[in-house]
Amino acid sequence: MANAHIKAAGGGFRLGQYAICLKGIVWREALRFLHQRERFVSALVRPLVWLFIFAAGFRTVLGVSIIPPYDTYVLYEVYITPGLMAMIQLFNGMQSSLSMVYDREMGNMRTLLVSPLPRWFLLTSKLAAGTSVSVLQVYAFLAIAYFWEIEPPTPWGYLTVLPALILSGLMFGALGMLLSSLIRQLENFAGIMNFVIFPMFFASSALYPLWRVREGSPKLAFFCELNPFTHAVELIRFAFYEQIDPLALGAVLGATIVFLAGAILAYDPSRGMLMRREGL
Amino acid sequence: MTLRAIQSEAATDPAGAAALGVERVTHHYGKRKALDDVSFSVGRGSFTVLLGLNGAGKSTLFSLITRLYATRSGSIRIFGFDVNRTPGEALRRLGVVFQARTLDLDLSISQNLSYHAALHGIGARESKDLIREALSQADMTDRADEKARSLSGGQMRRVEIARALLHRPRMLLLDEPTVGLDVKARAAIVAHVRRLVVREGVGVLWATHLIDEIDPGDNVVVLHRGRVLDQGNVREVAARAGAQEMGAAFARLTGEGAAEDPA
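Those protein sequence lines, which keep their order, are chains A and B.
Anchor point for the first sequence: position 88 equals 88 in full-length UniProt numbering, and the numbering is continuous, going up by one each time.
Anchor point for the second sequence: position 48 equals 48 in full-length UniProt numbering, and the numbering is continuous, going up by one each time.
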């Protein structure tokens, strides 16, 4: 009886055991999500404030011309919705990855890392768990936005946006994980807001189309085009309209791979990035 | 087929290997040497105390054993499995209780336990029995569905110990497990773990700076400023230091006065 699961495994791990582990990590994240109502509410209120107040106020100031994927004039609220969906995911990615290391969850990170399964798998599972939560948050936001008459051209849009949300959620989660392992100065969320979230959000196509930015400042437009957040927003925008933006897809995919590889390297024990933080 | 054979070969514990073997481990943080040529072993079913003041290198050693970071110089083996080279095989035979509280306070006690089972790849059917046993071992059977938040410090520790043993490891690490507990809860935890050693034959490495947690029959490893000053049976270590008991021996060995004796 003792060590039955070890013997059953015959050394190494069966595929089923990986699945059990992944399921356990996602399940825990979902339970935490259900228990932390404040986190859920604030994740929902933030984009709604932008939608109801900011967008309503700027509706007349910022006209949006017809640009793909839109084939008619759209209200400003409609234009910024994909940006707000990406913002929900950006916040969630930063929060779940960073709290893992800095906040009360630090102990949980250690519990996670003493699991005998390979570390890349543990980190990827953690990422998948955070992403599922962020996707749920986006759909909750869309449900409310629906009553504001913000909806895809056909209901299929709710389905076609899902892969885009999963991919962008993974990208932001991986970015957060990478930052959490590399940057010591970002020890609280205010720092992340100032140095990561705000620049990424404002220097993107979330609030205004890039051609508008280019009119104002070609330099800024250049940075916007480099910004992975821009590509996540465009990927979501097109997917919501049942289309694929190949450039955005490529950029988000590429950035996800780079961030994730970076995070796995940074958490690799032999690279010793963690070693600098003796406290952990 | 051949691969299978090799794998099942690897799955059996090499006979006679110590529960934990630390061999010539040296570790630096930048220029500062945190561990200097540390060697000791914990026998199967033995209770070994890692005695040292704060900053002696106990936490660094635990980070290396649990593979938070890699051992650069020297080797650490758990039942013969090298932590660096075969981390999966080594870590699945190890249970860990960290100094910081690591229960998820928002989850119930049994949810905490099933999360741990999942992290070890143990499926729902098998983990059910293991969790039931763990709960009864921690004396928490009727509180399984309560949030971990509702537990006292001592109760949390008991659950953490039960959790660390859930996947049936034969080696248990505890990093200052009585920190923050009152005298009574402290004594209860010490007694609880000692019973596990006797009853279940688990090898234990118990890191502490508290002299009164040591029994005369224990093995002790005295760690000071990253170096092992002496090790062995408590009576022998005390005798070698020319002292009556461990407190005085520790003071002599380190030249720093006694480790704390809160009793």
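It is worth saying that the hints were derived from the structure and are not from the lab.
Warning: the hint list may mix true and false statements.
[What the hints assert, rightly or not] Calculated pairs, DSS-like style, for lysine-lysine (alpha carbon to alpha carbon, straight line, at most 27 Å): (1) B:K184 to A:K23; (2) A:K23 to B:K128; (3) B:K128 to B:K184; (4) B:K128 to B:K147.
Since the structure is predicted, the reported quantities are computational estimates derived from the model, not experimental observations.
So, going through the hints one by one against the coordinates:
1. The suggested pairing of B:K184 with A:K23 is violated, with an alpha-carbon distance near 39 Å, which exceeds 27 Å.
2. Simply put, A:K23 and B:K128 have alpha-carbon atoms about 16 Å apart, close enough for the 27 Å limit, and the pair holds.
3. Distance restraint check for B:K128 and B:K184: the Cα-Cα separation of roughly 31 Å exceeds the 27 Å cut-off, and the hinted pair is therefore not satisfied.
4. Restraint check for B:K128 and B:K147: satisfied, since their Cα atoms lie roughly 18 Å apart, inside the 27 Å limit.
Checked against the numbered hints listed earlier, the structure breaks hints 1, 3; every other hint is satisfied.
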